[in-house]
Every structure is written in structure tokens, then in C-alpha cells.
Amino acid sequence: MKEISLSSPLPWQEKSSEQKGRSLWQDALHRLAKDKVAMVSFVVIVFYLILAALSKLGIIFSNFDLVNNEIAYQSPSWEHWLGTDLFGRDVLARAAHGTVTSLTVGFAGTGLSMVIGTVLGALAGYFGGKMDEAIVWFYTTIDTVPYILLVIAFSMVIGSGLNTICLVIGLTFWVNHCRVMRAEFMKHRDREYVQSAVSLGASHLRRIFIHILPNVSHLVLINFSLGVVTAIMSEVMLSYLGLGVEPGVPSWGMMISDAKLELSRQVWWGLAGATGFMFFLVLSLILFNDALRDALDPKLKNK
Amino acid sequence: MNSNPNLIEIENLAVEFKTDEGLVHAAKNISFSIPKGKTVGLVGESGSGKSITSLAIMRLIASPPGKITNGKILFDQKNLLTLPEAEMRKVRGNRISMIFQEPMTSLNPVFTVGDQISETLILHQKLSKKAAWEKSIDLLNQVGIPKPAERIKSYPHEMSGGQRQRVMIAMAIACEPELLIADEPTTALDVTIQKQILELLANLKEKYKMSMLFITHDLGVIGDIADEVVVMYKGNIVEKGPATNIFSKPQHPYTKGLLACRPSLDRNPNRLPVVSDFMSEDGKEKPYDMSQLKQKKTNRVSSDEQNPVVLEIKNLKKYFPLKKGFLGGTQSYVKAVDDVTLKVRRGRTLGLVGESGCGKTTLGRTILRLVEPSEGSILYNGTNITSLDRESMRGMRRKMQIIFQDPYASLNPRMTIGAAIAEPMYIHNIGKNKKERSDIAASLMKKVGLEASMLNRYPHEFSGGQRQRVCIARALAVRPEFIICDESVSALDVSIQAQILNLLFDLQDEFNLTYVFISHDLAVVKFISDDIAVMYNGKVVEYNDAISIYENPQHDYTKKLLSAIPKGIS
Amino acid sequence: MFKYIFRRTIYMVPILFGVTLLTFTLFHVVGGDPAVLAAGKHATPEQIELIRQSLGLNRPLYVQYFQFLHQIFTLDFGRSWSSRQNIWTMFTQGVGPSLSLTLPAFLIAEVLTISLALLLARWRDSLFDRVTKITCLAMLSLSSLVYILWGQYVLAYKWDIFPISGWDPSWAGRWEFLGLPIVIFVLLSLGSNILFFRTVFLDEIYHDYVRTARAKGLNESGILFKHVLRNAMIPIITRVVQEMPFLILGSLLLESFFGIPGIGGLVVLAIQNADFPVIKAMTFLSAVLYMIFQLISDVLYAVVDPKIQLR
Chain A
1 MKEISLSSPL
11 PWQEKSSEQK
21 GRSLWQDALH
31 RLAKDKVAMV
41 SFVVIVFYLI
51 LAALSKLGII
61 FSNFDLVNNE
71 IAYQSPSWEH
81 WLGTDLFGRD
91 VLARAAHGTV
101 TSLTVGFAGT
111 GLSMVIGTVL
121 GALAGYFGGK
131 MDEAIVWFYT
141 TIDTVPYILL
151 VIAFSMVIGS
161 GLNTICLVIG
171 LTFWVNHCRV
181 MRAEFMKHRD
191 REYVQSAVSL
201 GASHLRRIFI
211 HILPNVSHLV
221 LINFSLGVVT
231 AIMSEVMLSY
241 LGLGVEPGVP
251 SWGMMISDAK
261 LELSRQVWWG
271 LAGATGFMFF
281 LVLSLILFND
291 ALRDALDPKL
301 KNK
Chain B
1 MNSNPNLIEI
11 ENLAVEFKTD
21 EGLVHAAKNI
31 SFSIPKGKTV
41 GLVGESGSGK
51 SITSLAIMRL
61 IASPPGKITN
71 GKILFDQKNL
81 LTLPEAEMRK
91 VRGNRISMIF
101 QEPMTSLNPV
111 FTVGDQISET
121 LILHQKLSKK
131 AAWEKSIDLL
141 NQVGIPKPAE
151 RIKSYPHEMS
161 GGQRQRVMIA
171 MAIACEPELL
181 IADEPTTALD
191 VTIQKQILEL
201 LANLKEKYKM
211 SMLFITHDLG
221 VIGDIADEVV
231 VMYKGNIVEK
241 GPATNIFSKP
251 QHPYTKGLLA
261 CRPSLDRNPN
271 RLPVVSDFMS
281 EDGKEKPYDM
291 SQLKQKKTNR
301 VSSDEQNPVV
311 LEIKNLKKYF
321 PLKKGFLGGT
331 QSYVKAVDDV
341 TLKVRRGRTL
351 GLVGESGCGK
361 TTLGRTILRL
371 VEPSEGSILY
381 NGTNITSLDR
391 ESMRGMRRKM
401 QIIFQDPYAS
411 LNPRMTIGAA
421 IAEPMYIHNI
431 GKNKKERSDI
441 AASLMKKVGL
451 EASMLNRYPH
461 EFSGGQRQRV
471 CIARALAVRP
481 EFIICDESVS
491 ALDVSIQAQI
501 LNLLFDLQDE
511 FNLTYVFISH
521 DLAVVKFISD
531 DIAVMYNGKV
541 VEYNDAISIY
551 ENPQHDYTKK
561 LLSAIPKGIS
Chain C
1 MFKYIFRRTI
11 YMVPILFGVT
21 LLTFTLFHVV
31 GGDPAVLAAG
41 KHATPEQIEL
51 IRQSLGLNRP
61 LYVQYFQFLH
71 QIFTLDFGRS
81 WSSRQNIWTM
91 FTQGVGPSLS
101 LTLPAFLIAE
111 VLTISLALLL
121 ARWRDSLFDR
131 VTKITCLAML
141 SLSSLVYILW
151 GQYVLAYKWD
161 IFPISGWDPS
171 WAGRWEFLGL
181 PIVIFVLLSL
191 GSNILFFRTV
201 FLDEIYHDYV
211 RTARAKGLNE
221 SGILFKHVLR
231 NAMIPIITRV
241 VQEMPFLILG
251 SLLLESFFGI
261 PGIGGLVVLA
271 IQNADFPVIK
281 AMTFLSAVLY
291 MIFQLISDVL
301 YAVVDPKIQL
311 R
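Which chain is which? The protein sequence lines are A, B and C, in order.
Taking this note's numbering, the leading residue of the first sequence gets 1, the next gets one more, and so forth.
Taking this note's numbering, the leading residue of the second sequence gets 1, the next gets one more, and so forth.
Taking this note's numbering, the leading residue of the third sequence gets 1, the next gets one more, and so forth.
Please keep in mind that the hints were generated in silico from the structure rather than gathered at the bench.
Be aware that a few hints might be false.
If you want the ones that stay clear, here's a sample from chain B, every Cβ over 12 Å from chain C, calculated [as the list claims (entries may be wrong)]: (1) S97; (2) A172; (3) A174; (4) Q508.
With a Cα cut of at most 30 Å, we get these calculated DSSO-like pairs of lysine-lysine [said to hold, decoys possible]: (5) B/K67 x C/K226; (6) B/K335 x A/K187; (7) C/K158 x A/K187; (8) B/K284 x B/K343; (9) B/K249 x B/K399; (10) C/K226 x B/K129.
Even for Gly, the Cβ is constructed at its ideal location relative to N, Cα and C.
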């Protein structure tokens, strides 16, 4: 319950004048550091990043593509912790390499969509008028097609493969973020600190980049971390529909799709491996996003 | 049987809040009582713990983060703090009820006001739906809602702010409570509405023989309504006693300071006393003689025609399109500024006063072309700025500055205040390099009463008053001639408000600044202005020098405004 | 009211135009030469030219676009490349099976999750609340494919509670096959629904009017079920109505896994066969459905929110 209006400080909030300035980002970082769940999930995410980097560089799990038909569908053993697949390839190694695919799709695809969404949202929200109408029309149109069909339609016409998936996700996922950015820019444009900047003679570029953008950038970060989850999920879905990565490229989506046939032969470890790897990454991302939201926007706390 | 003259007795109440910064003692050792049939005014600035205390009586403090750690609240010989929740619910809304500051958000938007008033009656008096509805109509009538039988079916958003507060009051008195707690009930309202609500509360109190606990930051209001006053400061009670005593013979230095720092209509000091004149940092009393205050320089008040006209507004209009027609054509307008003509001379202050929605803020922003005018001209030193292109306008902005109401919203939260003050210098090429600009910023900080060492800090690390000082420093950075103060002290506590007003006065003398001072607070405007324009519905209804307006108001609206000011203290 | 609906329909025109432009650009401009795709891998250049002629692909783009518009407004989406069936007929035939899966499952899921979320809001920050929240987050971390695969493997294959897949067109017979997909549909909705509704309720609980209701002496349950629920109806309606188009479109994965001849299964089949006309038609039709339900949700707002007046 709010006892005191926000416009007036509580005496205990006044800090001693000796203290050196601490920006809102630093404040948020401190809050994040105090949050145990956030720290654990962050460590897990970093672990995945290291795993992906080492696998990609061939330092670990370099046997992921080693075909050996003699040991097809072996159940987990000391040699192959998560067993082998149809071609006798090590499931653990493939799952580890799937991290590379998932993180690439997640980061590149979402990154692209954040750029598109932020730029269009900023233009629409800041300038308003005809520019706004055009951009709103554009994203409403895109938004009218259900996301999954949109992704499918894009994938079908552009083709499949890792790079294409990144592109498709980048081109389809920006709408929500754009809507948020537009609303934020609209709100901040009329805020008194921006109006002060106008009265001081600040140019449009200065208002957009020096004033408003830093004040909405935390939302980019929040939407980004959430977008990564959607992108990873979309890759799995596309892989099952046959619109996924190139054959042979290790991906969790492919492994999960393959499980449809494997399960009828009692081969469960392929599914278990991919699911397990994916579960901990996605869960950590969701938990970290949750904590990020609390840390960056303390007003939302307790909700 | 119960001969206790007090309805409620609070003993040693303590409330704590858990925050990120640690445990906060929001109220400590609070003891006072509310006599039967009397009104106790609980007064204090923000953070004083006055609202927390009132919520504690209702046991409405959200837990977590809040917690009542100590004390007793005796009501009808029972301690409310130890009452089982089910018993407490029978007290709430029935024997003790409460009204809040924001009637809009405090009413449920999706139910009719009739539903919301009846709910209390059905709950506590077990009335039938129909009987409760009938009684609700009667209650609406009692609180002065015209045509209650029709208005009862209205939703909160269909009513005005004052009416909503009346509905809240109807809801609160529905079960004829013994105690009515009013938490800043008039703060969100215009002064003329405030007067009506205060009269209504006083009448209802008499009629139902209620006790009332009236919480406010406004000493004027408290003087009008309270029999006894409790003054709170930083979670403690610093003084309590009969209202007349508190106002005529305040004991505690904080109370003295608080009473003195309020601008008053019938004095003309050249500066306002501040709380720190009466009380040192550690709470000790300092001797202070009110009579040492000088009168405003008379030559400032008398209209001198020698000074050149800095700003001249001719037939200025600003219309906002209200509704778009089917094919985009506009059908109706809100006339926010409707044919305003004004003149401001160098070194003087024009006060723009009016209630919410009168167009004073739009006028201020239109003068700076933060909002483009629809019609009319704005001459600044003879140049019509409405026709300037963007580049020349940018040059002009160096001379004209604005200080906004909310010091929290008008600084970029992600910029250090050093950068904020340096930014206008960078834009207008003042100072050769970063170092020089930073030196100028440091000297400006001193000028507005802050320390230069604070330049590296961020806005959220400052208090409201300090932030407003930063905004003033930033406005001064371009060495302007003309500053618009748009409700610049309205969001501040009275004690801080006095400091900022004094600062604005000093700066005007030092830099020969011209001000347009926009405010809803007539006392503040009177203190700072040489001339005053009263605005109503987008028009200037009266325009004269400050003294004449207050001593001899001509227009009916001005008279109404002046008579609505609480006369609690003189 | 009718004036409002009429005006909203007019406002839909530019969006509809945008959707036709989007589908046309995607499938006719970006998507390579439809004739090559339609002819298959082993076609000779002459065959391709013939198809191009018959599809009208030699004409200028704007003519093709008007042709496309004409098709759409006459509900003539052409024939499927793989099955040679009329696409509109395929669509109308698929609606029934899709709805018989999604509608009951959706109703069960909504009632279940809204009630659960109310309970969570009532006992917010309790152990029950926190455990449920973590469970929901964990459920969200699994791909829907995983639910279907494990569900089918364990419940149908191993334990034999449900048939593995299949379909009976008669109304009485189809429920046997719908049991498992409905269970999985509900499971899939749990995580995100509960978290969403919980947030909606908690958003309301910190409003001032709730404090007023407490000050009146109402108890927590009364506050929640009367004051909060009514206010929360607006976001709830938005969500529920916006899910509606997906009910008609069915579930891609569930239908293809369990052999339900609904629209979702149709789409998956079309993807596997690179059946462009079907996907094109579905993209367009789903957009139209989405717009219709958007309008319905706007009208419903006015029912629950007195502040909104339809003019």
C-alpha cells in the first residue's frame, strides 16, 4: 500500500550527501545480485554459453558427428552417457551441440527482431502522425496472422536452414516489442524531462537517443530475454514440421522430432537428452527474465 | 456505562516497514486520543507517518511489508490491534469508516455508486437489496448530490471529482459510524470544491455526532475543521493540543516553522521563514523573530512603466481537437487557451492562477512553443516567435526557460545531474570544453544551494526539493532572461516550498529575471507575483497588480476563489 | 452499437488490404516461382511453362494481385496441389473435428486455470502459491512436442488407457479418440494460463478500490470474487477471445499426432507436401478470423467495462 505519493521523498530515502552517484543500472545490478534465483539461473545460462562455445570450437564433444552404424540405438552406458541414435552417434554430444543451434537461433533471431521492433516503435511513438499510422498499420497487419502460421508461411517461402530460421524469427517476432516501444516512446515524449530538453533546445536525435532510449532500454533487455525462449521453442516446432535446420546439424528440435519414431522402439534417451538440455536452459531464461523484470522495474515488485 | 470522554485511545503505537534499504520505523511511540464528537486533525508533511497511523487504526496496513510492532488502540474498551480479523471486519465500515485522497481510484470503476453504497448497508445492517438502495438514495441526498434517484445509477467515471468524494462520504457514513477517518480527502480537489467538502464533513459530523480524524498536510484546512491538532514529524508526534493553542502559541520549533513558512494572504514579506530558521538539524530550537521580515519593496509592487515589455501575448488561442469525424475531419474542440492577451515587463513576475483545467498550463507551454498555438501572436522582445523556424527558435530557447511541477519527472533518471546541467550549455555552445562546463555547473549548484560534490549523482538520489533546485540550476545554465515556473512548488512540502520560493526570489534579484509563475495556490501566487491574471475556462477573467486583485477583486470568479481559501490560520 | 460495429468493420478494411498484400507478396513475389514448385522436381521446362500459363503467372503482378483478390472474395482458394481437393471445402470440413477437440479442452482449461488463479491470489505468497508458480514456470520450459510424445508414449502406448490415434466421424465414436488429446491440450494450457490469470488478479489487488472495499469491512473472498474478478474481466476477455481463432484453426501438433482430420492436421500435411495454396489460404483465413474475434472482444469490453461506450 502506498502511503506517500511518489512525488515526495520519504526521509529515510534521502541518502547521505557523501555517497557517490549510483545509476539506476547499478541499482538494478545490486538488486539482481541479491536475488538468489537470478544468480543461479544466470550461472546456468553462462554454463550453457560456455558449453556452446567449447562445442563449437571442437574442444569438447567433437565426436557429435561420428557415425557408427554398429552401435545404433544403444541405451545409456558408461561410454555413451545418454546412449546413441539411429546412426550410432553419441546423444550427449549431439545434445550439447544442439545448444549451439538453439542459442544461435535465440540470440540472432531475437536480436534482429529487437532491432526492427525498437527502430519502428521509436519512429512511430516519437514522431506520431502519418509515420505512426503507417507503422501501426504495418504491424497490425502482421499481427493479424497468428504467429505460428506466419512463421510457417515465412519459412515455406524463404526456405529452411539455420540462417533462415534466424531470419524468419527476426522478421516475425518484432511486433510485440514494437508495440511496447511505441507506447513507451509516446509516453516518454510527453514526459517533463523530455519537454525540458525541448525547452533547452535539444534536437530530435538528441531527445531520442540521449534522453528517451536509455529510459526504455531496460524493456529491450526484458523483451530480449523473453524472446530467446520463444525463438528456441519455435525452432523445435519448425524442426518437427520439417522447416528446421539442415539435416545433420545437431538440434534439439530435430532430436525431439526423431523421438516420434524412436519411442515406438522403446528408445527414450534421445528425447530425454534433448528435453533435459532444453528444460534447464529455458527454465533459467524464464527465471532470469522474471528476476530481471523485478530488478529493472522495482515498482512492479510484489505483483 | 462508559463515561470515558474519549472514543478512541492510541497508546505507544509503532509501525515498521521492511524495505530494500532496511527496516524503516514509519511511526514510533504514537499516543493520542480522539474525544467523542470532536475532530482531531493529524497534520504533517510527507513521510511524517500520519497516513500510516490512520491506516493502523483500521488495521489496513499491508503486511508484508508493514507491521504494527507495538502499542494499543483502545476503542470501546477493546484493543483493536488484538481483535480477531472477523471481529475487526464488523468494526470497519460500520463503527469506524474511512475516506481517501483519490476518490477516482478509491471507488470501484465497474460498479454503480448505488451498488457500492448499498454494499456497506447490506453487509453491516443486513438490509434487503431494495431497502439498501432506498437508503443509498437518501444518503446521496444528504451528501448533496442533485437528483440522487437518477445519479445513483451512475458509474464513478460519470461524476466529477467533488461528486466522487461525496459518494465516498455517503459510503462512509452509511452505517452511522462513531469515527470517520478522512485521509487527505480534499488534497486532490480544487480549492472551491475543497471548501464545499469541508463544510459537508463538518455538517455531517454534527448531524451524526461522529468523531472525526482528519489527516492533512495543509495547516489552513486543519484550522478550519479541527478541534484538536496532532502534529507529526518523521514518525513522531512533536506536538498535540487544542487547535487554538497550536495556532496561537505553538510550542515545538517544528510547528512554529511550519506555521510561519506558509505564504499568507494578508502579509507581504520579501521572503518566507523556513523551518530551519526555527529548528536546528538536531531538533533544537533556534530563536527567530518574525518581525525582522521586511516588506516587499514597494517599487516592485507598484506598476512601473519604465521597464521594457519582455513578453507580449496577443489574442493567443490553443484549441485541441476533441473528436475526429468519420473521415478525419474535426468536429469539436476544447478551447484550452481562448483569446488571451497579456504583457510582462522585465524583472517582474506575472502570476497565472486558476483551478485545474482552466488552461494555465497549456498557456505556459504555448508561450514556449512546446505546444504550437492555434492562433494569435507571442512577441518576445518584439520578435513574434510563433513564426520562427526551428533553427531560430532553438536560439530563442536560450533566453526562455521553464521549470516544471514534478521535480521527479523533469530530470532524466539515467543522467547524472552534472550531465543534466551541462547539457543545455553543450547544446548552445556555452563554455569551451567539458571541464569549463563542469565548472560552470559547479558554480550553479552553489548558487541554488547545493554542493558541487553532488554533480556525479543521479536524480533518484535527491529529495524533491533538491531536485527542484537542480532543475532551476539547469534552467539557469543558459543564462536566460525569462523563466516560466509551471506549478514549480506545488508538489513540494510547505517547508520545502518556502525554501524554493525564497530561492526564486533571490535569483530574480540577482539576474534581473522575468517570471511567469503558474499555480493553483493563491497564497503562493500572491507571495511571488507583482501582477496576477486569473484564468477560468481558457480565458483571463481578471488581470491586475497583485495587491489590487486580493484587496479588491472585480470578477465573480476571483471573489469565489478568494473566499474558498481556508482561513484557518491568519 | 450497430453503428460502432459498422465503423469498426470499415476500420478493418486497411488491415484486410494489408493481409492480402502480405500473403500475396510472400507467396507470389518472395516465394519463388509457383509454377516450378507446383510442377514438382522432375518436370521439364515445357511442363513448367504450361503450368505457368494455366496459373496466369505470365501476366503482370498487379493483374495477378487482382486475380488473387477476386479469388479471395469469392471464397475460391483454388485446389490443393497434393490432394486436388477444393481448399474451401477442405477448410469447412476440418472445422468440425478441430472444434470437437479444442472447444471442450479450452473450456475445461479456462475454468480450471481461472479458479486456480483466484485461489492463488487469495493465498498469495503462501507456500501453495510459490510452489504452483514454480511448477507453472517449469511446465512452460518444456516444448509442447514433449508433452505430446510422452503423453502418447506413456498413457496410450505403455498403459493403454487411450487409443494411440485414430478417428471416428460419428459424434458418439469420436470421444474415445479425443480423450488423450484433450488431456494434453489442458496440460499444455496450464502453465501460461495460471501465470497470466494470477498476474491479472494480483494487478488488481493493489488498486485503491480494494483498500476501500477492505475499509468497508468486506472479507478477502468477497473482495476477490466480487470486486477484483469483475475488474479482471477485461484482460480475461481479451485473452479468451483472442484464443478463439485458434480453436477453429485447431491444434497443429495434436491433430497431426492423433490423426484428427481437423484444420491443424491439414496444415501440417500441407507443409510436408509444400502445398502452397493451402498455406496461403490458411494464412489469409486465420487473419480474417482473428479480425472477427477482435471485433467481438471489443464489443464485449463494453459489456464489462462501463467506461467504454460503443459509439
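Results of checking the hints against the structure:
no., hint, result
1, S97, "7 Å, violated"
2, A172, "8 Å, violated"
3, A174, "9 Å, violated"
4, Q508, "40 Å, holds"
5, B/K67 x C/K226, "27 Å, holds"
6, B/K335 x A/K187, "23 Å, holds"
7, C/K158 x A/K187, "56 Å, violated"
8, B/K284 x B/K343, "47 Å, violated"
9, B/K249 x B/K399, "47 Å, violated"
10, C/K226 x B/K129, "16 Å, holds"
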